[in-house]
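**Student:** Please assemble the complex out of the two chains, which come individually in their own frames, going by the hints.
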Amino acid sequence: MTALKVISPGAHGIALAEDDIAVFLADDVQLDPRACEIILSAFNQYPEAEALYWDVMVDGHRWARPAWSPTRVLSEPGVTLPLAFRSSWTGFDISAAPQELEGRLASSNALVLHIPTVLTRHSRTPAEGVPDSDDLRYEPGPRPGTRRLRPSARGQSSTSIIIPSAGRARPGEDTSMLSRCLETLAQLEPRPKEVIVVVGDEFEGEPPQRVDKLPIRIKHRGTGSFHFSSAINCGLSASRGEFVLLLNDDIEAEGSDWLGRMAAHLDDPTVGAVGAALLYSDRTVQHAGVVIEGAHPYHPFWNYSLADTAPFGGDVARDVIAVTGACLLARRSDLLAVGGMSPEFPVSFGDVDLCLRLRQFGRRVVVEPAALLLHHESASRERVIEPWEWDRFHGRWGGIEDPWYHPAYWRPNNPDYMNHNADHLAPVDAEGSWPIRTAELRPNPPSVPSKMNSPSGGDLTRIQQEIQVEAEIRRRHDSEIVRLESELITIWDEIVPSKAVNSDDIIPHAESVPLSFDANPPLGNQPIGRYIKRVIRKTVRWTLHHLVAQMNHLSRTLDRRLNEIEAHAHHQNKLLEYQNTRIAHLEQSLQMPIDNHYLVTSDFLALPSDPSSDVISRIVEYVQPGPCLVLSGGCGNIVKSICDNGGAAYGVEPDKGSVIIAMQNDIDIRLDDMISHMASIHDKEFDTIVLANAIEILPFGCIVDLIVEARRLLNGNGRIVVAVADPAIRNPIESELHNGLGISPATWQYLLQQAGFDVRREEVSDSRITQLVIADFLSDKEPTTPTSTSSTDPSERFQTNLQ
Amino acid sequence: MTVTVDLLISELAFGDAVSNHTLLLREILRGKGIRTNVIVENAQNRSDVIVLDDWSADCDVVILQHHIGSDLSDYIIQHQIPIVLNYHNITPASFFSSWQPDVAAHLRLGYQQLSELTPLTLRAITDSHFNARELTELGIEDVAVSPVLWTLDDSLLDEVPREAEQSAIAEDGGTILFVGRIAPNKCHHDLIMAFGVLSRTRPKSRLVLIGDPSSDHYSNSLKYLARRLGVYDRVFFAGKVSTQDLLRCYQMADVFVSASEHEGFGVPIVEAMASGLPVIAYNAAAVAETVDGVGIVLDDKRPVTLAQAIDRVLRDDRIRQDLCARGKEAAKRYDISVTGRQMWDALRDLLDASPSEVR
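As given, the protein sequences belong to chains A and B, one line each in that order. In terms of the numbering used here, the first sequence is residues 181 to 983. In terms of the numbering used here, the second sequence is residues 14 to 372.
No lab work stands behind these hints: they were computed from the structure. Keep in mind the model is a prediction, meaning the values are calculated, not measured. Positions of the beta carbon are idealized from the N, C-alpha and C atoms, including for glycine. It cannot be assumed that every hint is accurate.
Pair ranges (Cβ atoms, derived) [as the list claims (entries may be wrong)]:
1) B/Ser-60 / A/Ser-793: 40 to 48 Å
2) B/Ser-128 / A/Asn-289: 39 to 47 Å
3) A/Pro-912 / B/Gln-57: 24 to 32 Å
4) A/Pro-491 / B/Arg-331: 56 to 64 Å
5) B/Arg-213 / A/Gly-826: 56 to 64 Å
6) A/Gly-826 / B/Lys-236: 33 to 41 Å
7) B/Arg-331 / A/Glu-674: 54 to 62 Å
Next up, chain B with everything else stripped away, as it sits in the complex (with noise of 0.2 Å):
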């Protein structure tokens, strides 16, 4: 008999990457014949998925993705169903608290749900070791870890790639990219600041920013701050982009700098990498652990410091190449065909059981 599986999620959207991650998860599993579906709480046209209220849960294997409470997992707890927990970590509420306290609340309620499903859970499956640890805290024992999973569709570039003796980059110049939510806790204000003192310099540098303000205030705070700071001419807020123009910005971009202070994976530095852009990081949450040796960690993210940071890999073409190269070949490591396989790892003896055994 054909085991069923049933992702859990609690919405799916575009760009987003846990969606991305269950939508890969799913070709995964049904291309070793299993029957998966994805649960989420609002279809949003979307015809592929089924929504919570028709749910029957009466499938082999429960797999939910948390890391942000919801509604679907209360009706986990509520219904006390054992489940395959997939983590990809929690941001602290105390980043929006102060900007959102709606999401903050949210966030809170996304930490006492997890402390709930924990009893639940069968085995817990997360995307780093950072987050690995904070499961086995809580007590959860059977922790395995598997980066999201993630693809980069390189068919829609009809550029050329990314050439290591790429041309130096002007004196005065260079392009800054950051790609992630705009957020508090991804801090964006650290890179304008930062911005600010590297445009004394390189009056022509620029810097864009790529993704989905999560609030107005916050997002329209920073436009004030690179107003202040006289630099909103060269700060580009692109918003949410589609895929064809995320890849050419990692192309166009000289240099990838997150200042975020809490990741728990961190998929845009690995796309970074894979477009063999060099990456400097603060050195926060997941984010070391996946810039492993291939990128700047700094442990001191004030604006000095993260310029004197940009400006030097924008200046020594050397440390450019070397991280390129570096790069790419780290990204390899979070491949589909290496991620997919860790995942299968991770599922499969609870898959080949025997209905039974698992529910």
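Just chain A, same shape as in the assembly (with noise of 0.2 Å):
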């Protein structure tokens, strides 16, 4: 391509072109003698570019122009003409309108570029918007030609809103920020999903629970100071929505779509976050989008009407470099994708580092004017920009020009940071020229403000994004998770207790007690109105006597209470002086001092060990196929001889240090009381349980319980085995500790067979096993019933046989 020339006057104006590139000019245009040359080049220049415009002057007025905004140019059609394209553009149509290709170029993701360069001049402005009113996503905008998207009833209602609040009221006002704010937010409609205030221990007075029916949630985030950035990712952590929106206290919102307004943005896939005008209550600007102008965040338009924007656009969507925190919508995806905010920010930039970020990860950030809300900006802080903030900001996006803030406007070495602001509606360089502008997004993968920044840290932090975008893809690839995970919340949140109490509110305040009841209503002197005043008085001091009835059984029932309470203490501290005696005499024979804390924790008082490997192929020996219980389950080594014999056993054992030993070995034992692990059972029976270790130490009547679920537990060739230490033939140590007991072989073939087993009894060598009793259940025979009773359940028989 070597010229660019007027080929013919079309349709829409003359036409430039050569070869592949095409301009639609009015009649009207002057155009500059440097015009071809400079777009040619900026076209050779960047060879993926579709399209590409410039500054025009109107009227002796120079219009200088932001950088590309799809936004933009769909709210305000034809802002951007002329245009030059690329005739090789897919979407390029030599009969078609240039504001329809302009709008075709907005929809589509073309590199279009903006010269900072007068290069026409017009005695009118170049096109009059004329908005496409077929397209139902859009509505009138606020002037002429302008539009604006309607708002999205369903965004609205995915929304989580996030609150960091310290509860604190505006000077000389009662009512805290935080309830104002909740109750202009009980407006919307439909309702937010959720609003979560995240509150620290700064918090002054109670966090409303309650604002009409708007679902709230208080977040506690911890102590320390109050941390914007990190309050925020506490609440985004917490948050459900598809979307979040961060908002702060100190805001009072308008109407009831505004939230929806700015939602709809986010249908758009490549809008990452959607910011709103907040306006001082005095109906100025306080927040239309943010410009960076030498690496300093500036708020463009502070102080001015909103209507007084109009010439930059400033009342309609439009693209930003940045948009303010404390009313920033985003989908929560993207913010956990990015990282959340950045704790090195805690309280400012935090918001505009996060938009860069997220423009980082390929989102575009815009603003929204039609949702508008209040600010009262300067009551919730003092508005100071530490030193060290502007140093961490330069340092980490030291670089960064916004494409959208026009170089004719740049201030250089401004040192004011508010007062400044009100400078960008003066008049600007007229005739300057600046290099090429794109509003690129840089497609880089999301940088992530490392928490670790030791050197070898990087890996880690990689891991940890990758985890939670992972779980991030597996909700929402897999129905069946989220609908777990909200479950599992859900039955968490009916758990907690519902109302939090305060330990200083569990007596009522007396005035909120009513203590006086009027028993003589106004109803006349009539003989009717007598006996109805007769009848209240009567009941009313029935009911009085009555309650003070309940009140003496109540108090006397308490008293009663407490006598036991004290007995139970006493006898307590008996169990306790019994035990402390045992424990000197049982130091007295081992000669040698027992550690307390080890006898509290290690139950050393009741644990028997394992019996020997040779006991251990015995008891084997006698297991069925088929399921197997082993009680106690000790250290594990009977279940896993047995299991690795083939068989299918798990065991059960009270005792935790035998539990980790099992599971250190990994044997399946399970930590639970025996006789309630096996009444729990409805759904299984077994061929074979088998009884050792700590059923040595039981006493009698929880054997008997013992065998009656055991029995219950085996199905028709149900055997049991139990592996017998004699307590005849303890050791005086153990005698001691063991006093009363474990039962012996002979009883224990005893009771059996008064449980309906067939029973024999089987000799071993083991330094404390005697006897293995081998019970084998006959389905076909009754117990035997020396008194027989008239009961039908076996085990009550059984019982009964017992006693």
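**Tutor:** Have a look at this one:
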């Protein structure tokens, strides 16, 4: 391509073209002599660019245009005309109106350049926008020729609103800013998914639990000073909505659909964050997008009325470099993907940093001025930016340029942060020209601020990100998981005590208790009135009498209960004393001191060891194929041998030390009480139940229960194998420790026979286990009943027999 | 003349980090030839401590362990005794308000006492920068950071130490461990919910929870939750265990997961790291500081995310080995030889000073 020339006046003005470049120009246009050269070289410099536009001079005033903004172009069609197109662009059509082509560009992801140089001079506005009224997504905008997205009710109802708050009120007011904010949020229709109020210990008063029908959740962010970024991250992790709105508590919303208006922009997958127009109470602009000049973020249009910003497109939705975190809507998944807000920016610049990271992630940031909110900004905090905050921001984003901030406005070395902003409406340099600008998103992978600054931490950071993204992907693709997750959270929410009880509130305030009762209603002095009065008086007297009686009863009951508790405590003390004497006795026999802690924590007094391997192999011989339960499982040696032998066994052990040893060896021993474990089984039968270890120190009553339950769990050919340590041959220490516990093999035999088993005994050799008792279940044979009872339940009969 | 130091702690309990810290501190100071006593509210059969009622406060330096409201702190405030404040952070009362209003009240009292102790504080020593920030905000200027004193007595272990090249974990199994008092701020329920998700893909996995229940209400609710999720069989509420069993658990488990929302330091995390156990932790309070660069820190602990993190660590041998090596290395920072010196450095000038200067 060597030159650009006018080939013919087209339907829409003059068309310039050379092979593959076309420009539509109206007939009143003066073309700058350098125009063709500059346009061609721009296309050469950016081979991937599909179109470009430049600054124009209208009636002696320069239109300093922003960089390409699809959102602005769709809200204010014609704003970038005239445009030069590459005719090879797939959307190009020489017969189409330039505005239509502009719209097509905005809807595609085409790269469009802006040359900040005046290349054409016009006597009237290049093109009055004629918005496409057929597009149902839009409604008329604030000015003729503009339009705005209709609110998205779905988006509004799937938003989680996160409000970090300290519960403060504005000076001179009683109601906290948070309450006011929540009241205005309650006007939203439809209601947002949830409002998460993130509070810290500095919170003044009680956070409001309920405002109208607003679904409010209170989230505690932990201790430490107020940290906006981490408070937001805390709320973010707790949120459940598809979208998340970051909101300051000093904001008062207006109307019922502003959130939907913001959310409508997120229907476009390339948009990542949406800001709103925030006004002071005098209706001047506090925020309508952020600009960055020389790596300093500013609020443009500050203190102006929104209508005054119209020449700059301040009143229509448009792309900006960043928006304030005081009111920022984003997809939850995007925020997670970029790692939420950076803790490096606790108060200032966290929002700008977040937006810039979202842009790096490939998402656009837009502001929707049709979403209007009041922001009592100075009320929430003194706006002081610390030097280290500047340093950090420059350190991370020093080289950043804001394509939407026209270089003609630049005021280098501006010393004043806030007061400067009004200058943005001042006349601009009329003739200057600057290098080409693009609003191209850098498609870098999201860079997440790392908490791990150690040199080797990089890999971990990546893994942490991957995990969160994986989880997000899983949620997106597995609806079952999403359902399960929300179900889990609901289950826990049901379990948690619903109302937080403040210990100071347990005793109700005297004022709130009704003290008087009007028993003399104004019913006149007619007989019927007197009768009714008498009835009421009698009823009241009776009720009071009854109440007093109830109170007395209650007090007596409480008294009795207190006495019981006292007696119990006394008993416990006695027990402790007894235990101590036994320990002393034991220490004497062992001739060594016993560590108190060890006694308390390791159940030293109740820990029989597993039988020797010889005995275990004998036990295994008697285990039948099929499911087997080992009570108690001890350290798991019996279960292991059975499993090694091809059986299917698990054990139950009440002693946690043993269970831990078993777990260590990967043996299936479950920590539970033996009898309650059996009682909880209803859908399973066993071929064999092995009784060993802890059974030798059970009291007699428990053994009976054990046999009853075991009998219930055995199938028709079931068998019980008992490894019995005879209490009669215990050494003196053991007899001291286990005095009165455990029963002899003969007693086992008798009990099992009574329970309807065919029982035999086998001698074994072990330091403690003397015999094995093997009991086969006789399903056809009724338990022997010396004193026949009428009870039909065998276990009941069995127990009766034993008594 | 010998300097005397009294260490004040409301109660000494087995397995409690602050109690262990106090006893270790006593050893260190005694090792330096300083006459050191431990003062408690209730002796509980111990003969090596002095009960508050018998205490005369005629020592040179008083070091107060503060982590909950106590009569001891009240005594200090009443008698306006200058102290060295050894602060271990106070759990925000809001965690307990719906479960144990009494504990919440105690914690609130702790906060109140903390602000009343501020003017009496000659110097504050605390476990983490997270805690230090809190103290600085209260207006205490002289704040030193020295991690809680802690030691892992591995002489009790007869097993071989955990090997980095340990065998791969079964695809459907894995043992998840958390150690810490069963209290609402430690968020066991988040672990159980994550375990509920994890069990779907790893039906043979186990969750081992070691620690005393602070209230039956919370711990029973957890058991109920586990039952509702159908995982009760595979969640082990081991309660309080002996040191030996604790070490066994660290050896046996495959991953240590903390969903806790409030830790002033997090001794179990360090123990896990020292035992070569990979650590996954939710980023709250001082946790990230402790796990810095040696474990997986998550900003989101919803069940699926937490389960995903656990699954990832169990699945990926390389990460486990990496975390194991890093953890062991990092735990050296918290070895008693290092932290003891830090503690001594933080105290030395006070103890070297002549008694009259201090009091």
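**Student:** Now tell me if each hint is right for this structure.
**Tutor:** Status of each hint after checking the structure:
1. One distance hint, 40 to 48 Å for the beta-carbon pair B/Ser-60 and A/Ser-793, holds here, with the actual separation near 44 Å.
2. A beta carbon spacing of about 58 Å between B/Ser-128 and A/Asn-289 contradicts the range 39 to 47 Å that was offered as a hint.
3. The hint said 24 to 32 Å for the Cβ distance between A/Pro-912 and B/Gln-57, and at roughly 31 Å that hint holds.
4. One distance hint, 56 to 64 Å for the beta-carbon pair A/Pro-491 and B/Arg-331, holds here, with the actual separation near 59 Å.
5. Range check, B/Arg-213 to A/Gly-826: Cβ separation about 29 Å, and the 56 to 64 Å hint is violated.
6. For A/Gly-826 and B/Lys-236, the Cβ-Cβ distance of about 34 Å falls inside the hinted range of 33 to 41 Å, so the restraint holds.
7. For the pair B/Arg-331 and A/Glu-674, the beta carbons lie near 41 Å from each other, so the given range of 54 to 62 Å is not met.
Of the numbered hints listed earlier, those contradicted by the structure are 2, 5, 7.
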